[in-house]
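Residue numbers (my numbering), protein chains in the order written: chain A, 1 to 121; chain B, 122 to 242.
It is worth saying that the hints were derived from the structure and are not from the lab. Be careful, since some hints might not be right.
Residues from chain B shown here face chain A by an in silico Cβ test under 8 angstroms; the list is partial [stated by the list, open to error]:
#: 1; residue: M174
#: 2; residue: F214
#: 3; residue: P215
#: 4; residue: G216
#: 5; residue: L217
Think of the CB as a built atom: it goes at the ideal place given N, C-alpha and C, for glycine as much as any other residue.
Number of protein chains: 2
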Amino acid sequence: MTDDVIEPATADFQLTRILAALADPQRLATVRYVAANGESWCTQVMQEAGLAMSKSTFSHHLRILREAGILTKRIAGAKGYTRLRRDDLDRRFPGLMGAILDAGPAGATPRADAPAGQGRA
Amino acid sequence: MTDDVIEPATADFQLTRILAALADPQRLATVRYVAANGESWCTQVMQEAGLAMSKSTFSHHLRILREAGILTKRIAGAKGYTRLRRDDLDRRFPGLMGAILDAGPAGATPRADAPAGQGRA
């Protein structure tokens, strides 16, 4: 399994790159799923986050999220697992991920009866 | 002066659209300038925010920011003025603009001696 994605160090995070990575409904759904479920098998994320796309398209989205510094990937055996770099993000851009995760589904107006957001902030 | 830009109502704000609008260093600099200086003459924003671009390119960026709901524009006489829709943004996505405005210059690591951010959050 080749993996040439370079995940940046926290000090190298770029705000505009992080915003661009999150500015896509399917990438945002990926991040929300991983934020809510912790480290997850990549194939499971694609299936359970309701992402109707090919594996290669999902890989492309995952690459953008990893290159921005939002997600990290760990390979164990033949499986890839991904998790949110929440501590790194919170240290570098305090409050940003919390505000985004708490913002409700992308594009939707929050419902009055919606549960509280899943962010830790 | 024609102006066919549609500025969305707060309930119609879309998170991914807002993130995409802010995911550009020059648009982010525009928003930071207006956040720090209040309602500003558009030509002045372009000059003082250090945006080396044509008027038409700046207009294009302004349109993206207005269509996302981040900035609003008021025309008085022959001049256009723009300001941040901070209250609308804070109501719809609590903490988001504060985190972004406090995040330091786009792409740069915050300096230890930097003054506190200009956000109100």
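Do the hints match the structure? See the list:
no.	hint	result
1	M174	16 angstroms, violated
2	F214	5 angstroms, holds
3	P215	7 angstroms, holds
4	G216	4 angstroms, holds
5	L217	4 angstroms, holds
Hint 1 alone, counting from the list given before, is not met by this structure.
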